[in-house]
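Number of protein chains: 2
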Amino acid sequence: MDEESFREFGHEMVDWIADYFAGVEEYDVKPQVKPGEIKSRLPTTPPEEGEDMEEIWEDFKEIIMPGITHWQHPGWFAYFPANNSPASVLGELLSAGLGIQGMVWATSPAAEELEERVMEWLRDMLGLPTEFRGVIQDTASTATLTALLTARERATNFESNRSGVPDSLQVYASDQTHSSIEKGVRLAGYGSENLVEIDTDDSFALIPEELRAAIERDCEAGKKPACVVATVGTTSSTAVDPLEEIGEICQQEDIWFHVDAAFAGTAAILSEKKDLLNGIEYVDSFVFNPHKWMLTNFDCSAYFVRDPEALIKTMSMDPEYLRTAHDDEVNNYRNWGIQLGRRFRALKLWFVLRDYGKKGIERMIRKHIDLAHSFRDWVKEAACFELMAPVPVSLVCFRWNDGSRDEGELDVINRRLLEEINASGEVFLTHTELDGSYTLRLAVGQRSTEFRHVKRAWQIIEEAACRVV
Amino acid sequence: MDEESFREFGHEMVDWIADYFAGVEEYDVKPQVKPGEIKSRLPTTPPEEGEDMEEIWEDFKEIIMPGITHWQHPGWFAYFPANNSPASVLGELLSAGLGIQGMVWATSPAAEELEERVMEWLRDMLGLPTEFRGVIQDTASTATLTALLTARERATNFESNRSGVPDSLQVYASDQTHSSIEKGVRLAGYGSENLVEIDTDDSFALIPEELRAAIERDCEAGKKPACVVATVGTTSSTAVDPLEEIGEICQQEDIWFHVDAAFAGTAAILSEKKDLLNGIEYVDSFVFNPHKWMLTNFDCSAYFVRDPEALIKTMSMDPEYLRTAHDDEVNNYRNWGIQLGRRFRALKLWFVLRDYGKKGIERMIRKHIDLAHSFRDWVKEAACFELMAPVPVSLVCFRWNDGSRDEGELDVINRRLLEEINASGEVFLTHTELDGSYTLRLAVGQRSTEFRHVKRAWQIIEEAACRVV
Numbered sequence: 333m334d335e336e337s338f339r340e341f342g343h344e345m346v347d348w349i350a351d352y353f354a355g356v357e358e359y360d361v362k363p364q365v366k367p368g369e370i371k372s373r374l375p376t377t378p379p380e381e382g383e384d385m386e387e388i389w390e391d392f393k394e395i396i397m398p399g400i401t402h403w404q405h406p407g408w409f410a411y412f413p414a415n416n417s418p419a420s421v422l423g424e425l426l427s428a429g430l431g432i433q434g435m436v437w438a439t440s441p442a443a444e445e446l447e448e449r450v451m452e453w454l455r456d457m458l459g460l461p462t463e464f465r466g467v468i469q470d471t472a473s474t475a476t477l478t479a480l481l482t483a484r485e486r487a488t489n490f491e492s493n494r495s496g497v498p499d500s501l502q503v504y505a506s507d508q509t510h511s512s513i514e515k516g517v518r519l520a521g522y523g524s525e526n527l528v529e530i531d532t533d534d535s536f537a538l539i540p541e542e543l544r545a546a547i548e549r550d551c552e553a554g555k556k557p558a559c560v561v562a563t564v565g566t567t568s569s570t571a572v573d574p575l576e577e578i579g580e581i582c583q584q585e586d587i588w589f590h591v592d593a594a595f596a597g598t599a600a601i602l603s604e605k606k607d608l609l610n611g612i613e614y615v616d617s618f619v620f621n622p623h624k625w626m627l628t629n630f631d632c633s634a635y636f637v638r639d640p641e642a643l644i645k646t647m648s649m650d651p652e653y654l655r656t657a658h659d660d661e662v663n664n665y666r667n668w669g670i671q672l673g674r675r676f677r678a679l680k681l682w683f684v685l686r687d688y689g690k691k692g693i694e695r696m697i698r699k700h701i702d703l704a705h706s707f708r709d710w711v712k713e714a715a716c717f718e719l720m721a722p723v724p725v726s727l728v729c730f731r732w733n734d735g736s737r738d739e740g741e742l743d744v745i746n747r748r749l750l751e752e753i754n755a756s757g758e759v760f761l762t763h764t765e766l767d768g769s770y771t772l773r774l775a776v777g778q779r780s781t782e783f784r785h786v787k788r789a790w791q792i793i794e795e796a797a798c799r800v801v
Numbered sequence: 333m334d335e336e337s338f339r340e341f342g343h344e345m346v347d348w349i350a351d352y353f354a355g356v357e358e359y360d361v362k363p364q365v366k367p368g369e370i371k372s373r374l375p376t377t378p379p380e381e382g383e384d385m386e387e388i389w390e391d392f393k394e395i396i397m398p399g400i401t402h403w404q405h406p407g408w409f410a411y412f413p414a415n416n417s418p419a420s421v422l423g424e425l426l427s428a429g430l431g432i433q434g435m436v437w438a439t440s441p442a443a444e445e446l447e448e449r450v451m452e453w454l455r456d457m458l459g460l461p462t463e464f465r466g467v468i469q470d471t472a473s474t475a476t477l478t479a480l481l482t483a484r485e486r487a488t489n490f491e492s493n494r495s496g497v498p499d500s501l502q503v504y505a506s507d508q509t510h511s512s513i514e515k516g517v518r519l520a521g522y523g524s525e526n527l528v529e530i531d532t533d534d535s536f537a538l539i540p541e542e543l544r545a546a547i548e549r550d551c552e553a554g555k556k557p558a559c560v561v562a563t564v565g566t567t568s569s570t571a572v573d574p575l576e577e578i579g580e581i582c583q584q585e586d587i588w589f590h591v592d593a594a595f596a597g598t599a600a601i602l603s604e605k606k607d608l609l610n611g612i613e614y615v616d617s618f619v620f621n622p623h624k625w626m627l628t629n630f631d632c633s634a635y636f637v638r639d640p641e642a643l644i645k646t647m648s649m650d651p652e653y654l655r656t657a658h659d660d661e662v663n664n665y666r667n668w669g670i671q672l673g674r675r676f677r678a679l680k681l682w683f684v685l686r687d688y689g690k691k692g693i694e695r696m697i698r699k700h701i702d703l704a705h706s707f708r709d710w711v712k713e714a715a716c717f718e719l720m721a722p723v724p725v726s727l728v729c730f731r732w733n734d735g736s737r738d739e740g741e742l743d744v745i746n747r748r749l750l751e752e753i754n755a756s757g758e759v760f761l762t763h764t765e766l767d768g769s770y771t772l773r774l775a776v777g778q779r780s781t782e783f784r785h786v787k788r789a790w791q792i793i794e795e796a797a798c799r800v801v
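Going down the list, the sequences are from chains F and U.
To convert, take the position in the first sequence, counting from 1, and add 332; that gives the working numbering.
To convert, take the position in the second sequence, counting from 1, and add 332; that gives the working numbering.
What the hints contain is simulated information worked out from the structure, not anything from laboratory work.
Just to be clear, a hint being listed does not mean it is correct.
Identical copies look the same in the list; a pair holds intra-copy or inter-copy alike.
[Stated by the list, open to error] Heads up, simulated DSBU-like pairs for lysine-lysine below, C-alpha to C-alpha not over 30 Å straight-line:
id, residue 1, residue 2
1, 691, 393
2, 371, 393
3, 366, 645
4, 606, 690
5, 645, 605
6, 690, 393
7, 691, 605
8, 690, 645
9, 787, 712
10, 605, 366
11, 645, 556
12, 555, 645
13, 393, 366
14, 605, 690
15, 787, 690
16, 393, 555
17, 645, 371
18, 371, 699
19, 371, 691
20, 787, 699
21, 787, 691
22, 606, 371
23, 690, 371
24, 712, 605
25, 691, 556
On a predicted model such as this, the values are computed, not experimentally measured, just so you know.
Extracted from the complex, chain F is given alone in its bound form (with noise of 0.2 Å):
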């Protein structure tokens, strides 16, 4: 592609990429695709000779374009959102066209000092500890692990890296901890035999008495406890785990403290949702993601250490052809992490932050979380509907439940009502188990999602409980 077709198709994308997210809302969220048939139409060889990008361009919008879900779509109401914005595609268009790749200082101080920069005001957003410092991760998963992986060399003196992982360590979480935290578990060698799984109250919150009973009784029986992360909104509920009294009997027992706050965290900018991160003076390390609901494109998790050296312990390789003249006086994030290397992602951050301000941004908040207040108190006055949990930020967890049937037909119904309210096309809601019951989620994060949007969500669940049930 010569200069003039890349700003052709440059200005043409940009100009697509306007239209979609003005028109967005004409997509069924979910594709109407079957298995295997995007793939059909994909040829079994690349082509020999280049091809005209106009080629390639209208195969993106004649074969990709009718397998995309609309993670974008102001009907998003899935998992938890991935919004971005358009400041944020600006960021990511400028940080593709540098093509740098920012493993140590030197090889681009502007993106090293940029992240220490923009995760400081992240931090002090969050209301964070100053002495917190932070690097951005690709996904809490991979901050996750990472954290389980220096709670796992602090517990051994640093000795595991070294000598492999003893079998006494134990890490702690709620039976309502997402699937990652086992995952890291199992990966970083503990096995997952080591994580005890701690009973939650009647909000889906780690009890702290439970929790200190494990420990005591653990601690007995010559093991080691060595993490405990709690979580600020589950992915089943957004229950919050009590930071303050968990904090403190980490703090007795000398334990990592890991917070995985994924997608609720994003809150804590609102003055009103502060409490969300009481006791976070006890926390070791803590990690949110930007780029569910902070309108930063995929990838961005931002991960924050109060201790980066145990961090940088844990991760340090120093081989010669990676050493820098001023590897004594600068952050080398490749040592911040797993992978060595790292893209650009401060800047479209940076670029988020500037275009909303911090008080653009908290009205995008308060905004959702207002929505979903009002979602849920529609759920609590109809008399065939059932709250399923507390709604601290923006998730409403809900059944269909005239208070006839029992729990099997309950699963039944409702199982079907999800997929009656999905192929709407509109909407795109997903469930989980809560309490061993099937239970539907509306999760409201999306930019463009407005109150007809939630209103006319609400309207096809009812609609869609007449045809099911």
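Given the coordinates of chain F, assemble chain U onto it according to the supplied hints.
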């Protein structure tokens, strides 16, 4: 930012990138900034209210650009390249605009199926066995960690995820392997004590007899060989380990065989370089980076496995909230790696492979190898320079050596020589250590690097030597 601003600045940035591509040579490859200089120009707090994009854009040019290291500069001879291309940038732009997250098939069938297809294209272009299945990872560090984890599970009959890592497990790699292998061995819980470093020959390639002896010794001592990591194109010198001999040993001993071909793997698309992968039929997992030498923006690491089931068994978690209707019929790539969330990276790779075609990429690779061979010949012919390693692809390892100085003096001189060369601003080279000697590396692989750039590099090096010695 409203829609019109997005269009306006999107167009402006596309044009800026086109200009940047055309004029990147005007910049010093490495910026002249001191640690902290960029950061000190960035405010310590984010703005309260949103700012105009005009202002952000100006700051990008005024504050960020002076701290950028230009990986896309034709004088980039450092580390390995991470080349991008106009088509790839457009792919990244669209991917950012769509803002999808492809953790499971249902969250964008097109992303999942396109990834399958382009990975088949890459597999066939490199001549990998047809039974190999591919997945895009972020980096080779991650892919290698993934291989080490899968090997760990396989060696323990898939028990170590549950019960932890027995300390008998052994991993083997040459003394030239990349630091990410030892890092992976640490993180996966083997312990670096259990990484057995195998001696290399004069070409810095692993000596199979030494590997066999080490394995026999370990088996007799009751240890359990779990994984051998071979390298096609080591970081220091692009040495190529003999896959066939190593593979035979792995097959006999039933050991997982992983190949790290991060940089040099791309060269296997050339008919005359197919021998790089002699013995590939023995390999269990293989990684190379289209983001290094195949015109695809970082990050894009191509990871292939012979037996996806072993990988999936190692990585799978199955929480209720991630189950979808088609789980039995489709690939859910979340189970093919460490992270749950996934960017739509197949798009840029598809754009690149179609924009260049197979032959277009071959022409570029051939050109780079030819350029490196020219440079190698100049080194060989020069009285005061010495070639430090064979040149199997496009990296030349060399140093100044007139034959009159001892090793200590040579290290000092060559260290100063490198500083002097890089001070030119026109080129950027890095160093390594080979057989204990400080060695300069010139890696050819930038999209726009032509004969005149390599010739100019040699002139700069010769002139710098005159000043330094």
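Verification of the hints:
no. : hint         : result
1   : 691 with 393 : between (37 Å within a copy, 26 Å between copies)
2   : 371 with 393 : within (15 Å within a copy, 41 Å between copies)
3   : 366 with 645 : between (48 Å within a copy, 25 Å between copies)
4   : 606 with 690 : within (15 Å within a copy, 55 Å between copies)
5   : 645 with 605 : neither (34 Å within a copy, 40 Å between copies)
6   : 690 with 393 : between (36 Å within a copy, 23 Å between copies)
7   : 691 with 605 : within (14 Å within a copy, 57 Å between copies)
8   : 690 with 645 : neither (34 Å within a copy, 43 Å between copies)
9   : 787 with 712 : within (15 Å within a copy, 76 Å between copies)
10  : 605 with 366 : neither (43 Å within a copy, 40 Å between copies)
11  : 645 with 556 : both (21 Å within a copy, 28 Å between copies)
12  : 555 with 645 : both (24 Å within a copy, 28 Å between copies)
13  : 393 with 366 : within (18 Å within a copy, 46 Å between copies)
14  : 605 with 690 : within (15 Å within a copy, 54 Å between copies)
15  : 787 with 690 : within (28 Å within a copy, 51 Å between copies)
16  : 393 with 555 : neither (57 Å within a copy, 55 Å between copies)
17  : 645 with 371 : between (45 Å within a copy, 25 Å between copies)
18  : 371 with 699 : neither (40 Å within a copy, 33 Å between copies)
19  : 371 with 691 : between (44 Å within a copy, 23 Å between copies)
20  : 787 with 699 : within (14 Å within a copy, 60 Å between copies)
21  : 787 with 691 : within (26 Å within a copy, 54 Å between copies)
22  : 606 with 371 : between (47 Å within a copy, 28 Å between copies)
23  : 690 with 371 : between (43 Å within a copy, 20 Å between copies)
24  : 712 with 605 : within (23 Å within a copy, 68 Å between copies)
25  : 691 with 556 : neither (45 Å within a copy, 58 Å between copies)
The structure shown violates the earlier hints numbered 5, 8, 10, 16, 18, 25.
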